[in-house]
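*Asks:* Sequence:
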Amino acid sequence: MSLGPTLLIYVLLGFGVALAMLAYDNSKNVAERWFSFLTAVPFWPIYVPVLLARKSVSIEEPVQPVPPPADDMTSAIHQVDAELEAALNSLDGWAEGVLAREKDRIHELRTAWTAQSERIREMDRLLALPEYAKSEEPVPGGALSDLLSAPATDRLRHSQQVRRQNIERLRHVRRRAYEDLMGTLAWVRELVSMIHLAKFTGAPASRAEELVAQIAAAVEGLSELTWQDETTVAAGDNT
Numbered sequence: 001m002s003l004g005p006t007l008l009i010y011v012l013l014g015f016g017v018a019l020a021m022l023a024y025d026n027s028k029n030v031a032e033r034w035f036s037f038l039t040a041v042p043f044w045p046i047y048v049p050v051l052l053a054r055k056s057v058s059i060e061e062p063v064q065p066v067p068p069p070a071d072d073m074t075s076a077i078h079q080v081d082a083e084l085e086a087a088l089n090s091l092d093g094w095a096e097g098v099l100a101r102e103k104d105r106i107h108e109l110r111t112a113w114t115a116q117s118e119r120i121r122e123m124d125r126l127l128a129l130p131e132y133a134k135s136e137e138p139v140p141g142g143a144l145s146d147l148l149s150a151p152a153t154d155r156l157r158h159s160q161q162v163r164r165q166n167i168e169r170l171r172h173v174r175r176r177a178y179e180d181l182m183g184t185l186a187w188v189r190e191l192v193s194m195i196h197l198a199k200f201t202g203a204p205a206s207r208a209e210e211l212v213a214q215i216a217a218a219v220e221g222l223s224e225l226t227w228q229d230e231t232t233v234a235a236g237d238n239t
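Counting in my numbering, the sequence shown tops out at residue 239, every number present.
Keep in mind the hints are simulated off the structure, nothing from the lab.
DEER-style ranges, computed between Cβ atoms:
#1 ALA82 with ARG176: 20 to 28 Å
#2 ALA205 with ALA128: 44 to 52 Å
#3 ASP104 with ILE46: 46 to 54 Å
#4 ALA86 with TYR132: 36 to 44 Å
#5 LEU197 with PRO130: 44 to 52 Å
#6 PRO130 with SER206: 54 to 62 Å
#7 GLY16 with ALA82: 51 to 59 Å
Ideal Cβ placement from N, Cα and C applies to all residues, glycine included.
Based on the provided sequences and hints, a complete structural model is requested.
*Replies:* As structure tokens, then:
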């Protein structure tokens, strides 16, 4: 290939790289961006690795999770989690063996707290809707009763009654879920205080292992109570 076509291809590649630099580089001022554009045309092989590195960083940038809203449940979970972390760290050199055995279940417990709080918030958002916030609905009567037959009117009355019952069951599930969450958090705080007491009163390591095992088992109690509530609602739907 002669020098002319080779030079043309080189310049075209340079313009391509220069345009890419101009499009991707938004962190500099106008003068610096144009300087990069002009120098990228003759020296584009130097800028190609820079472009590839920036693209790789932008692709691999992790998506930050949306933090839960700041409410009483979030505050309580953060407080108990901090106290639990401090208590578990105090086991180092005394009863750290139990941490290796119960690490997974303790992680599940923390995850369950967050999941339970989000479940409660979802129910709150649903119950706050106008169609769910109304405690009573108008019973068909007057002109509507004249348009409907007696069986149709009875069916509508029954449907409204069942709907009100289901909404009330949902409120009950929400109330129980909140009480279960707060009860579990209070129980873990109690066990955490027992861990500190056991350590500073010279209790054997087996006592700490027993307490940590009880903390780890709290996730099972939380899941069990949640399932009982859901079963109650399902049974009510089938009656």
